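Peer 1: First to last, the sequence lines map onto chains A, B and C.
The numbering of the first sequence is this note's numbering, which starts it at 1 and goes up by one.
The numbering of the second sequence is this note's numbering, which starts it at 1 and goes up by one.
The numbering of the third sequence is this note's numbering, which starts it at 1 and goes up by one.
Derived by calculation from the structure, the hints in this document are not laboratory data.
All values reported here derive from a predicted model rather than from experimental measurement.
Cβ coordinates follow ideal geometry from the N, Cα and C atoms, glycine included.
Mixed in with the good hints there might be a few duds.
Anything over 12 Å on all C-beta distances counts as not near chain C; from chain A, calculated [as the list claims (entries may be wrong)]:
# : residue
1 : Thr97
2 : Gly145
3 : Leu250
One-sided and incomplete, this derived list gives chain C residues near chain B with beta-carbon spacing under 8 Å [as the list claims (entries may be wrong)]:
# : residue
4 : Arg88
5 : Arg91
6 : Asp100
7 : Asp106
8 : Arg108
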Amino acid sequence: MALLSVSDISVSIGRLTPLDRIAFSIDPGEIVGVVGESGSGKSLTAMAVMGLLPLIGGKISGGSVHFAEFELTTLTEARYRALRGRRVALISQNPMTSLDPVRRVGEQIDQVSMMHLGLGKVEARARSVEMMQQLRIPEAKIVHGNYPHQLSGGMKQRIVIAMALVANPELIIADEPTTALDVTIQAQIIQIMTEMARARNVALMLITHDMGVVAQACDRVVVLYAGRVAEMNTVDAIFADPKHPYTKSLIGCIPVEGLPPGGLKGIAGNVPGVLNYPKGCRFHPRCTRAIARCGDEVPLLRASGAGTVACHLAEVSA
Amino acid sequence: MDKDSALMRLLRTPRGAISAVVLGVIVIAAVLAPVIAPYGYAIQNLRLANMEPSAAHWLGTDEFGRDLLSRIIHGARTSLAVGVTSITISMVCGMALGAAAGYFGGAFDRAVTVVVDLSWSFPEILLALILIAILGPGLASTMIAISVAYLAQFTRLTRAQVMALKSETYIEATIAMGAGSGHVLFRHLLPNAITPVIVAGMLATGDAIILEATLGFFGLGAQPPTPSWGAMMSSGTAQIFIAPWIIIFPGLAIAITVIAINLFGDALIDALDIRKRLREN
Amino acid sequence: MTTPLVSMHGLSRAFVSSKGMFGESRTMRAVDDVTLGLPAGKVTGVVGESGCGKSTLARLALRLIEATSGSVSFDGVELGGLGPAEMRQIRRRMQMVFQDPYSSLDPRYTIADSLLEPFAIQGLMPVGATRKERVAELLDMVGLAQSTASNFPHQLSGGQRQRVGIARALALKPQFVVLDEPTASLDVSIQAQIIELLERFQQQFGLTYLFISHDLSLVRYFCNQIVVMYLGRIVEVMAAPDARPQHPYSRALLESTFAPDPAKRRIVQPLGGEIPSPFALPPGCAFAARCANVSERCRRERPALADTDAGGRVACHHPNR
């Protein structure tokens, strides 16, 4: 039984519909990567699950989101608030803006367990320090009393992860958690996050644009393009045999060991904005294999092997 | 392209449209004063002194029997001429100083900053009074006094804009192409810095008109018989109980002009979307 | 190896930060004693993490900032000794493409204006119809529609703006182009487009590139020679893109790069310790605090860059051969 199951949700902001029938699910202890370029709808998907769309004037206009025993689309804000931080946690892209600059980082972690687990000050502090040690923060007791500006970017992101994990949530949504960090720090953070998810049986929705991170960390992958799911499959299948031309091109954009000069191929054109989504398959203007049908008819998500893909070509060849 | 659409956006708001029309009327009145004023501004007729508003003299007459409407229309010339000229001088000098200080930095910048900060800590009126005390009263010294009083504001604003723009990559790109300081300053920095400075100048013109009126009220501005709204109000104080219109109408003229300028400037800020850039100063 | 088009010798740049009126001023050596030749017609990549001095090095190479000590020579001419007029002359032959395509174009200039600016600055402005032709050629070269000429930067996407940036850099047919993380703020699909373009021009015009990046896999794909920097110093020069890194920091960089292949998953051995403050570098090897192979000697004595068997150079007391 999936812990989170997102069924055909559409998101509208005013008259625009930036997300169109997004569907995927995450099991407990599973790491699911949500990939796509900027403008593909990754962050909006996260906001939809977290119930944060009203912040940007949006709403879920169709479909349903099940999390554990809850139907999230009809949940009241008060009950949502009790879920956030306690059972579903968010790690955002920028650790600089997720921390309160005028409060000690340790207190900010303490507060989560005091609020959600009803711990006293002393127990909360002990729990925070333990959490920080598990995240390999050296001299956790000292760092507990530091202010955010005293810490490096990688250390701050570890504090944010500690805040996310400390109340033992069942689902963590990480929105580009390492994009702002240097590569060596990124590698450490990804390592820590995957280890923690596996060790605690936490479901992790990892939003990223980096196919390398996906290959390293994820069990399954959802590929988004211009507000729709293009393809979904296990990580091995996605990389070994991508069914959607977009997935294939996206993987081809990464320089790999031994690629001959001139071997790197970009995808022509740009991701369309929500105001000018093309008719039919939204990828067809950039697709090298598009046929006439692609410009007219929206391809539906269909089962293909262990995964699903929304492409007319995949249908023909199947 | 952006400029036109900003002006259209401005005129579409009620605030922008009304203030633009009022300002237009005032400017036309000032420019065409000799043509549209019903009487000469200096024609005295003591038999008609302190007449209340009537069909012949719409706004009444003053203590010398001069037509108040004509004097207010001519006074608009003085006020606008002093306001616009002195602020233009102030803006040009301020931009030159501010741009040079912000771009070249170093000792020159530190010197400019010290002077600007010092003069910034005096009210404009005080600076103007000091200067007039040195230069002697009159129209020319009023203009010089007002220019100097507002210099700090424009220097400071331009310097801040130039400092911010200096770190933009396109400046570095221009230098990498081999451009010298002149090209960088006149082709990139000033064109990009100028919009907020012009809007600030627009708003300062309203203040300058009040300052000119204040100096005129003290008898330090334009000398009689040249009409000036401030001087007219000053002479009206003696007649305030027998002929209150002599002080009321010039006062209204000042208020309407300044409100219109401020509303227009404010609408311009919104239309150009530069409120943030002005506040950073 | 071909003769270098650009040679840097003992190049250093220090920045002084003063802590207010009463604080002590502190000195940071953003680039410290860099000696490096950029072979003509080849691509030299410089990798390192934020704060390693790679962007400062890029600017020193073009004399966009002045060196504190050391020298740069371009085609045999010492840049530091040139006056403004000579410097302007030589800038025709060396150009730069910037990281942020959003701020590298003047927002008030049309694309045509931006493309003509190098000609205007160098006093080579084409007259009459040739002016339009030049713009058309440049747009065509980087694959932009002709209608782009009258657009303003804000009407273009990041990728399109970067194409304009490249066209502008190549307008005067330079020999040497510094690419300062030209794809760091772009999506991967656009990054690949831009790299394709840069690769093509490099071949076509025999350009010499200095390519600055934080992405080692991209550098290994794109470059002929790879320079790894750490805290202002070169720690390793690899003479071939597929050379095995010998410095522990280069190895850590390589291991931190994930391949898009689940079969190549790895357990990351985290680098211990923190990056030392660039204002207070330790006396020995700057990487000592984070290195797994550290010895007493590393903390005491700074390793010099020494030639390796593979034709590169490495600054390590215990290189991994």
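Peer 1: List, from low to high, the hint numbers that the structure doesn't satisfy.
Peer 2: 3
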